[in-house]
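Participant: So the chains spell out like this:
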Amino acid sequence: MSVHTKLQKWLEAGLITADQRARILEHEKNYSGHRWRLGLTGAGLISILLGIALFIASNWQVIPWQAKTGVHFAVNAGLACLIWRWHHDPARDHHREIALGALWGLTLTFIALMGQVFQLGGHAYEALRLWFWLTTPMILLFAQSRGIARLWAIAFVFYVPYDIISWTMDHTSNPAAKQTVCLATAILVPLGAWAIGAVPRISVNRPTIARMLQRLGMMLAFVTGLAASVGYYGRDTFEIPMVAGLLALVVVLMRSVLRKWHPSTDDRGDIDVLCVSALFACLPFILPVKSDVIAAAHFITLCLLTGALFQQQGKSRLVSMVIALITLRLFIVFIELFGTMAQSSIGLIVAGLILMGLVRAGRYLDTALKARLK
Amino acid sequence: MTRTRTLYLAALLLPLLFLGVQCAYLAYLRATATVYTVVLKAYDPRDYVYGRFMQFRYDWDDPQSQKPQDTKKEDLPETGRFYLPENAALDLQEMLRQGNKRRFTASVSFMGKKAMIHALQIDGRSWQDARAEWLARPMPAPCDANVPGCAH
Chain H
9 MSVHTKLQKW LEAGLITADQ RARILEHEKN YSGHRWRLGL TGAGLISILL
59 GIALFIASNW QVIPWQAKTG VHFAVNAGLA CLIWRWHHDP ARDHHREIAL
109 GALWGLTLTF IALMGQVFQL GGHAYEALRL WFWLTTPMIL LFAQSRGIAR
159 LWAIAFVFYV PYDIISWTMD HTSNPAAKQT VCLATAILVP LGAWAIGAVP
209 RISVNRPTIA RMLQRLGMML AFVTGLAASV GYYGRDTFEI PMVAGLLALV
259 VVLMRSVLRK WHPSTDDRGD IDVLCVSALF ACLPFILPVK SDVIAAAHFI
309 TLCLLTGALF QQQGKSRLVS MVIALITLRL FIVFIELFGT MAQSSIGLIV
359 AGLILMGLVR AGRYLDTALK ARLK
Chain Y
747 MTRTRTLYLA ALLLPLLFLG VQCAYLAYLR ATATVYTVVL KAYDPRDYVY
797 GRFMQFRYDW DDPQSQKPQD TKKEDLPETG RFYLPENAAL DLQEMLRQGN
847 KRRFTASVSF MGKKAMIHAL QIDGRSWQDA RAEWLARPMP APCDANVPGC
897 AH
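Sequence order for the protein chains is H and Y.
Sequential numbering of the first sequence, starting at 9, is according to the working numbering.
Sequential numbering of the second sequence, starting at 747, is according to the working numbering.
Rather than coming from a laboratory, the hints here were simulated on the basis of the structure.
Hints should not be assumed to be uniformly reliable.
Straight line, CA to CA, 27 Å or less: simulated BS3-like cross-link-like pairs of lysine-lysine [unchecked claim]: (1) LYS859/Y x LYS813/Y; (2) LYS818/Y x LYS860/Y; (3) LYS298/H x LYS268/H; (4) LYS268/H x LYS186/H; (5) LYS17/H x LYS186/H; (6) LYS860/Y x LYS76/H; (7) LYS186/H x LYS860/Y; (8) LYS186/H x LYS813/Y; (9) LYS787/Y x LYS859/Y.
All chains should be built: construct the whole structure from the sequences, respecting the hints.
Facilitator: What follows is the structure in structure tokens.
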């Protein structure tokens, strides 16, 4: 529907006046003209950059390594100069953020280039480790926009477990040691990310990064707790019930400490979600049984508990997400139990009816809970 | 104020200076380090997903493999990778997999337990020449399914 039609409908419904309609149309006209020009310029720039990239790529083997590393270093140095120059210029905020993002990414490509030129044969996690820790001070001090701050927080939350787990897989063949490190990482990294975001100095000076770290930490813990239910399908043999029990105890202790340090209701709700998820991540390691029913019960119970906590905090979107997950999991239970029946025509009809019933029940529950939140 | 300025400048220059110095150091090592010739053998399992490089195992037991004196076998790298242009990686991996027909060697220098590969040779020639010859080899005639003994 075009903006003209929409505005006409709103005008007829009495939502806006004729004057407002005219002003909106005038604004859209100016904005569209601007967008057209910027869009074409952007497309032209992308075309030029692609052309340069293709030219370099097709001649990659004949370019001497000194030229490759020299030009790359010069580009990085040029970007660093621009960032420094625009550091205190509010008119160039946008430019500085783009240059910072480019330098951040190009530092990683420079590390990869060095690995290729000097045939170092290192691992991807080693390159990522060097890149992340070399660039972190620069990003934390210079990044002002939400985009870069969020990207850094995402990189932190995903890079740290990747590095720890990859390093462990490379350095030990002991399955118990591998499982211990994986479980400890799955529990402690989300808690650590949340705790870093809650440090007053970070939350005051870098609020976007702090908020993002806390949100990502919480979601990562929740997803880990849910993913742990796969352990009950018995594909892996868990050998660390004692260690898992010890880690669960550490989680309980951390809950008390964190709740003492962060007395606000919102923070305490987050801490409870983190700790409940972490305890559920430990469960398949403490009780290594093989059962589809327990796997489903694990998943649904964690969803119910975290859903109740989200409900207490008034996070209606997360409540909706949890209800959708429970609905989906119940349908998977049905498929697991009567999967062979679904091959017949009657089975397909029953599956369809159950799915529709579950979706309807889920929506009803969602609406009822949201109404209670209001 | 000056202290904050220095801190910001240091954060910005850290990746540049660190990588610049490391690059110069690697270039220096490449130019000056003692180079050893080591025989290579196929690496199993091969990792086709990664592409763009050839994976291999160093054959330290081969009498033609050179290594630094007084160095134990455990202190030497077991496996290595050699970055190659697109398409060449799979060809060389295949040539290496074919076993005793060709002798793969690498010129390497050592940085602790890691090896920096300077060049890759096949039967004493550059890998580019050997690959070109391998690609130009006569292909076997297509197999006729009606002929007994034709393998598919």
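Participant: All the hints need checking, so say for each whether the structure fits it.
Facilitator: Hint-by-hint comparison with the structure:
no.: 1; hint: LYS859/Y x LYS813/Y; result: holds (12 Å)
no.: 2; hint: LYS818/Y x LYS860/Y; result: holds (14 Å)
no.: 3; hint: LYS298/H x LYS268/H; result: violated (38 Å)
no.: 4; hint: LYS268/H x LYS186/H; result: violated (33 Å)
no.: 5; hint: LYS17/H x LYS186/H; result: violated (62 Å)
no.: 6; hint: LYS860/Y x LYS76/H; result: holds (23 Å)
no.: 7; hint: LYS186/H x LYS860/Y; result: holds (24 Å)
no.: 8; hint: LYS186/H x LYS813/Y; result: violated (33 Å)
no.: 9; hint: LYS787/Y x LYS859/Y; result: holds (19 Å)
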